[in-house]
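K.L.:
Now for the letters of each chain:
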Amino acid sequence: MSAMVLERELDRLEGLWAEGLAELYRTYLDEVDGHEPELQPKLALAAALVEVGVRLQGLGGPAAPAAALLMGDLCLARSSRILTDSASQPIQIAFARAVEALSGAAASDGEMPAVRGLLVRALAAH
Amino acid sequence: MIAQRLRFESTHPTEFIDLTDRIRAEVRRSGLTTGRVHLQSLHTTLGLAVNENEPLLLRDFTGLLERLAPGDASYEHDDFTRRIDVATDEPVNGHAHCRQLLLTGFATLLVESGELVLGRWQSVFAVELDGPRERQVAMQLDGDFARKAASFREDLVELELTRLLMVDPEPVAAPMRRLMEAGGKRMRPRLVQLTAQLGPQYEPLRTAGLAAAVEILHNATLVHDDYVDESTHRRGRPTVAAAEGPERAIAVGDYYFAKATRLIAETGNHDVTQTIAAALEAICESQIDDVALRGAFPGDHDSYLRVVRGKTAALFAAACASGAQLSKASPEVVEALWRYGDLLGVAFQMADDMVDFSPSSGKPVGLDIRQRVLSLPLIYAAEDREVGPEVRRLLAGALGDDEVARVAELVASSAALRRVGDEARKLVEAAVQELEKVELNGLRPTLIGLARAAVDRDS
Numbered sequence: 003m004s005a006m007v008l009e010r011e012l013d014r015l016e017g018l019w020a021e022g023l024a025e026l027y028r029t030y031l032d033e034v035d036g037h038e039p040e041l042q043p044k045l046a047l048a049a050a051l052v053e054v055g056v057r058l059q060g061l062g063g064p065a066a067p068a069a070a071l072l073m074g075d076l077c078l079a080r081s082s083r084i085l086t087d088s089a090s091q092p093i094q095i096a097f098a099r100a101v102e103a104l105s106g107a108a109a110s111d112g113e114m115p116a117v118r119g120l121l122v123r124a125l126a127a128h
Numbered sequence: 007m008i009a010q011r012l013r014f015e016s017t018h019p020t021e022f023i024d025l026t027d028r029i030r031a032e033v034r035r036s037g038l039t040t041g042r043v044h045l046q047s048l049h050t051t052l053g054l055a056v057n058e059n060e061p062l063l064l065r066d067f068t069g070l071l072e073r074l075a076p077g078d079a080s081y082e083h084d085d086f087t088r089r090i091d092v093a094t095d096e097p098v099n100g101h102a103h104c105r106q107l108l109l110t111g112f113a114t115l116l117v118e119s120g121e122l123v124l125g126r127w128q129s130v131f132a133v134e135l136d137g138p139r140e141r142q143v144a145m146q147l148d149g150d151f152a153r154k155a156a157s158f159r160e161d162l163v164e165l166e167l168t169r170l171l172m173v174d175p176e177p178v179a180a181p182m183r184r185l186m187e188a189g190g191k192r193m194r195p196r197l198v199q200l201t202a203q204l205g206p207q208y209e210p211l212r213t214a215g216l217a218a219a220v221e222i223l224h225n226a227t228l229v230h231d232d233y234v235d236e237s238t239h240r241r242g243r244p245t246v247a248a249a250e251g252p253e254r255a256i257a258v259g260d261y262y263f264a265k266a267t268r269l270i271a272e273t274g275n276h277d278v279t280q281t282i283a284a285a286l287e288a289i290c291e292s293q294i295d296d297v298a299l300r301g302a303f304p305g306d307h308d309s310y311l312r313v314v315r316g317k318t319a320a321l322f323a324a325a326c327a328s329g330a331q332l333s334k335a336s337p338e339v340v341e342a343l344w345r346y347g348d349l350l351g352v353a354f355q356m357a358d359d360m361v362d363f364s365p366s367s368g369k370p371v372g373l374d375i376r377q378r379v380l381s382l383p384l385i386y387a388a389e390d391r392e393v394g395p396e397v398r399r400l401l402a403g404a405l406g407d408d409e410v411a412r413v414a415e416l417v418a419s420s421a422a423l424r425r426v427g428d429e430a431r432k433l434v435e436a437a438v439q440e441l442e443k444v445e446l447n448g449l450r451p452t453l454i455g456l457a458r459a460a461v462d463r464d465s
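Chains A and B, in that order, give the protein sequences. Numbering-wise (the numbering used here), the first sequence opens with residue 3 and increments by one. Numbering-wise (the numbering used here), the second sequence opens with residue 7 and increments by one.
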């Protein structure tokens, strides 16, 4: 992803980039090499945003304060929009199902599935 | 004849629960044009009353009931040693039964031209006398019913919402069902359904699916909003955060955010998914701005418009545009409808702000003041030459009951509400102008009526 595109997608989230989002992004880059080269950075960023977003919200744990929740909401919304702009329909659906699985488990006070595992599987959806 | 139950939970020992909006919504949904709504309390410690929803008056009523049947007086009903077949969980509530005798357990309301016949200040209350409890009021709608196409379309959305929630895990579905069943104007799904009729590929069932998804998305954002705003009630019921705790509220909001985006993705219409995704992002950005601006409460007009465009208008605009996109309407029509929705959304929010100062709204007056929510009447009152200094001084301090009441009084006495009303109506007329630019297959009067009704309301 070019620096300009990345900058646009990180608008308002710059602080998170330095606080772990960049590292997660690189982790997910390793999981998307089966996709078109121009799509890989967008998918990796979308996945990293979901992982950071639910962590910020405190999903499955103690509730986050309001400001962190809203930032988490923005991460999820940004991820959803990036996927809508660039990913296939099966990947968009798989990402949504991953968040449904996580939040459904959190609401049921059940064991939370591993976020990364869910998202890696979503990235492979076709 | 339609028979059903109004179910709700009370939260206080004595409480006036305003059912007016819910009954109005049921009348509209039923298609009853001329007839009667019969209400019957199904409990011996729950009364019914038609009176004014004015918080101080409700306190007077509570005081009156306490004087006539004091809670700490002695009642033979409470002497369990003298009663037979006393349940193990029998409450000590002789006072509540006696108070119910002073009220009524029945009410009949008239319906004309499809609307409840109520005086300007009249609201319909269930009066809890021994709460908090789960309660039911039986309701029958009787008379002449009109079944219009619009009514069938609304039914389709309600059925779709019911169906979609039915398959979800109960810990998320139950709170969302309670929120949705409590009412709501269903403006966004109506806009989707109307605008979807403008393209050559209109399919009612597919449209109902998108309309339901948009309504779910809207409600998901409300669940998180209520936690952020520390709201205890919405649509007369405890918020998800208040009833289930903040952890559950976050999970419920996330679940339905994700489900709605999935349902929208499943439409397979790229334009629709892009439109809704952009709106959702705008909503989240403006929520952050909204909270940030509370440090400079009550804010200014420009900040207000920026937040409201994202927070409310973005989904109105997206609802209007996505319906048309789903049915493959022309880009000119889609763009005109997006602008119409954007202007309507801002006007709608302004009208909502005004409702906070209306004693007949059924909502506690001054809730926005108490929660320091961005509100245009407050901004205008703070700018007012006469009341502005006192409004600003009060808002800068702690806001107890007295301060909130005084600010509400100052706002009402200033030109603020008139200015907001005028501005909202101007926006509606601008929205109507957008509709003049394109061919709308005879739907223009409906869209114009909907826009004007959105600002001329008191609830």
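Hint data in this document are derived by calculation from the structure and do not stem from the laboratory. Ideal Cβ placement from N, Cα and C applies to all residues, glycine included. Accuracy of the hints is not assured; some may be wrong.
To be verified - Covered by chain B, per the in silico footprint, the following chain A stretches (three or more residues, Cβ under 8 Å): (1) 67-75; (2) 106-113.
To be verified - A few chain B residues facing chain A, derived, Cβ under 10 Å: (3) Phe86; (4) Thr87; (5) Pro177; (6) His276; (7) Ala283.
Stated by the list, open to error - Looking from chain B toward chain A, a few residues come up when the C-beta cut is under 10 Å (computed): (8) Gly100; (9) His230; (10) Ala255; (11) Tyr261; (12) Ala271; (13) Gly274; (14) Arg450; (15) Ile454.
K.L.:
Each hint: holds or not?
P.N.:
Taking the hints in turn, this is what the structure says about them:
Judged by the Cβ-Cβ criterion of 8 Å, the stretch 67-75 of chain A is covered by chain B as claimed, because 6 of its residues qualify and three suffice. Under the rule that three or more residues need a Cβ within less than 8 Å of chain B, the assignment of the stretch 106-113 of chain A holds, with 5 such residues. At a threshold of 10 Å, the smallest CB-CB gap from Phe86(B) to chain A is about 38 Å, leaving the interface hint violated. With a cut of 10 Å, the hint placing Thr87(B) at the interface with chain A is violated, because the nearest CB-to-CB distance is about 43 Å.
A least Cβ separation of about 4 Å between Pro177(B) and chain A falls short of the 10 Å threshold, and the interface hint therefore holds. About 8 Å separates the beta-carbon of His276(B) from the nearest beta-carbon of chain A, less than 10 Å, and the hint is met. At its closest, the beta carbon of Ala283(B) sits 4 Å from a beta carbon of chain A; the interface hint therefore holds under the 10 Å criterion. A hinted interface residue such as Gly100(B) counts as satisfied when its beta carbon comes closer than 10 Å to some beta carbon of chain A; here the least separation is about 40 Å, so the hint is violated.
Because the smallest distance between the Cβ of His230(B) and any Cβ of chain A comes to about 6 Å, under 10 Å, the interface hint for this residue holds. Checking Ala255(B) against chain A by beta carbon gives a least distance of about 8 Å; that is within 10 Å, so the hint holds. Taking 10 Å as the C-beta contact cut-off toward chain A, the hint placing Tyr261(B) at the interface holds, the least distance being around 4 Å. Checking Ala271(B) against chain A: minimum C-beta separation of about 4 Å stays under 10 Å; hint holds.
With a cut of 10 Å, the hint placing Gly274(B) at the interface with chain A holds, because the nearest CB-to-CB distance is about 6 Å. For Arg450(B), the shortest C-beta to C-beta distance to chain A is roughly 31 Å, which exceeds 10 Å, and the interface hint is violated. The beta carbon of Ile454(B) is not positioned within 10 Å of any beta carbon in chain A (closest approach about 32 Å), and the interface hint is therefore violated.
Hints 3, 4, 8, 14 and 15 from the earlier list are contradicted by this structure; the remaining hints agree with it.
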